[in-house]
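For reference, each letter of the sequence shown is one residue, going 125 to 358 in my numbering.
Quick caveat, the hints were computed from the structure, so don't treat them as lab data.
Honestly, I wouldn't trust all of these hints.
Only pairs whose alpha carbons sit at most 27 Å apart, straight line, appear in this in silico DSSO-like list of lysine-lysine [as the list claims (entries may be wrong)]: (1) 128 x 344; (2) 238 x 344; (3) 332 x 240; (4) 238 x 128; (5) 298 x 238; (6) 128 x 298; (7) 240 x 298; (8) 214 x 128; (9) 332 x 298; (10) 344 x 298; (11) 344 x 332; (12) 332 x 128.
Label-pair ranges, simulated between beta-carbon atoms [said to hold, decoys possible]: (13) 230 x 255: 20 to 30 Å; (14) 186 x 259: 24 to 34 Å; (15) 330 x 259: 25 to 35 Å; (16) 182 x 348: 14 to 24 Å; (17) 132 x 168: 21 to 31 Å; (18) 284 x 178: 48 to 58 Å; (19) 242 x 205: 47 to 57 Å; (20) 165 x 263: 24 to 34 Å; (21) 186 x 317: 32 to 42 Å; (22) 165 x 227: 22 to 32 Å.
For clarity, every value in this text was computed on a predicted model and none was experimentally measured.
Beta carbons are placed, not taken as given, at the ideal position from N, Cα and C, and that holds for glycine.
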Amino acid sequence: MSLKGTRRPTWLTFDCYGTLIQWDEGLLAAVQEILSHRGATEVEASRFIEVYDRHEHALEQTPPHRSFREVSGQGLRLALEEFGLDGSEKDATVLTSRISAMPPFPEVVSTLAKLKTMGFSLCIVSNTDDDVIAGNVAQLGGHIDRVVTAQQAGAYKPAPRLFEYAHELLGVSKDDVVHICASPHLDHAAARDIGFRCVWIDRGTGRKLLPDYTPDATLKTLDEVPQLFATLGW
125 MSLKGTRRPT WLTFDCYGTL IQWDEGLLAA VQEILSHRGA TEVEASRFIE
175 VYDRHEHALE QTPPHRSFRE VSGQGLRLAL EEFGLDGSEK DATVLTSRIS
225 AMPPFPEVVS TLAKLKTMGF SLCIVSNTDD DVIAGNVAQL GGHIDRVVTA
275 QQAGAYKPAP RLFEYAHELL GVSKDDVVHI CASPHLDHAA ARDIGFRCVW
325 IDRGTGRKLL PDYTPDATLK TLDEVPQLFA TLGW
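Can you make the complete structure from the sequences, with help from the hints?
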């Protein structure tokens with residue numbers, strides 16, 4: 125697929141964590157803090173994150189819908205138990221407070237500003253709660269027009285409902301939007317199932333494309349987006 129020959133979008137939607145916000149770095153710091161408090165120096169933080177992610181994603185897709193705070197806290201407790209460690213409510217607080225404080229990638233704020241000057245409206249669509257993401261949005265220079273969360277939609281990616289809700293809220297169809305994201309597992313699956321246009325920001329984290337989906341464009345960093353759109357006449 126390609127964006128060439130398609131119409132100019134009115135809205136750009138963004139995944140937040142990993143696309144705009146430094147998710148991997150912040151999550152690693154949070155997990156290292158949690159493990160350090162237990163003296164669990166033998167547990168490799170990156171391996172712990174893999175286990176935590178597995179539990180978190182499974183809980184997100186298991187009815188009934190629960191808040192991200194609840195899902196992340198339970199996922200963290202299950203991961204700790206898998207490594208033979210006890211969990212506590214404080215762990216979930218450490219994790220969500222760390223998430224709220226995660227900063228944007230260096231090029232993000234200036235790129236969002238440029239996209240605004242090019243006439244695009246900007247919206248974040250994220251698997252989180254409103255109060256968790258508020259700290260991240262506050263660091264984005266005031267350039268974000270709308271924020272749509274799993275809490276608002278009552279659904280987590282890759283379920284189509286979160287994106288359908290966002291499109292309804294914005295008053296647009298999928299053809300009026302280009303989605304910009306870093307997560308094949310979540311966002312690409314939704315793009316494949318719904319059929320909206322998608323730009324992948326591949327920051328070299330090792331995330332792999334889905335076997336049955338190719339994004340409309342692949343870029344290394346967000347600041348390549350305005351140049352791409354300029355070549356398309358947008």
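These are the hints, each one checked on the structure:
At most 27 Å may separate the alpha-carbon atoms for a hinted pair to count; residue 128 and residue 344 meet this at roughly 19 Å. Distance check on the hinted pair: residue 238 and residue 344 sit about 17 Å apart at the alpha-carbon level, within 27 Å; holds. Restraint check for residue 332 and residue 240: the C-alpha separation of about 30 Å exceeds 27 Å, so the hint is violated. This hinted pair checks out: residue 238 and residue 128 have alpha carbons roughly 21 Å apart, not beyond 27 Å.
This hinted pair checks out: residue 298 and residue 238 have alpha carbons roughly 23 Å apart, not beyond 27 Å. About 17 Å separates the Cα atoms of residue 128 and residue 298, which keeps this hinted pair within 27 Å; it holds. Pair hint residue 240 plus residue 298 holds up; C-alpha atoms about 20 Å apart against a cutoff of 27 Å. A distance of roughly 49 Å separates the Cα atoms of residue 214 and residue 128; the hinted pair therefore is violated under the 27 Å criterion.
Of the pairs offered as hints, the one joining residue 332 and residue 298 holds, with about 24 Å between alpha carbons and a cut-off of 27 Å not exceeded. Taking the CA atoms of residue 344 and residue 298, the gap is near 24 Å; set against the 27 Å cutoff, the hint holds. Taking the CA atoms of residue 344 and residue 332, the gap is about 14 Å. The hint holds against a cut of 27 Å. Between the alpha carbons of residue 332 and residue 128 the distance comes to roughly 24 Å, so the proposed pair stays at or under 27 Å and holds.
For the pair residue 230 and residue 255, the beta carbons lie near 26 Å from each other, so the given range of 20 to 30 Å is met. Checking the proposed 24 to 34 Å range against residue 186 and residue 259 shows it holds: the Cβ atoms sit about 27 Å from each other. As the Cβ distance of residue 330 to residue 259 is approximately 27 Å, the hint placing it in 25 to 35 Å holds. Here the CB-CB span from residue 182 to residue 348 is close to 34 Å, at odds with the stated 14 to 24 Å.
Checked against the hint of 21 to 31 Å, the pair residue 132 and residue 168 fails, with Cβ atoms roughly 46 Å apart. Between residue 284 and residue 178 the CB atoms are about 22 Å apart, so this pair departs from the stated range of 48 to 58 Å. Look at residue 242 against residue 205: about 49 Å separates their beta carbons, and that is inside 47 to 57 Å. Between residue 165 and residue 263 the beta carbons are some 32 Å apart, a value that agrees with the proposed interval 24 to 34 Å.
Restraint check, residue 186 to residue 317: a C-beta distance of roughly 19 Å breaks the suggested window 32 to 42 Å. Under the hint 22 to 32 Å, the C-beta atoms of residue 165 and residue 227, about 27 Å apart, fit the expected range.
Checked against the numbered hints above, the structure breaks hints 3, 8, 16, 17, 18 and 21 and satisfies the rest.
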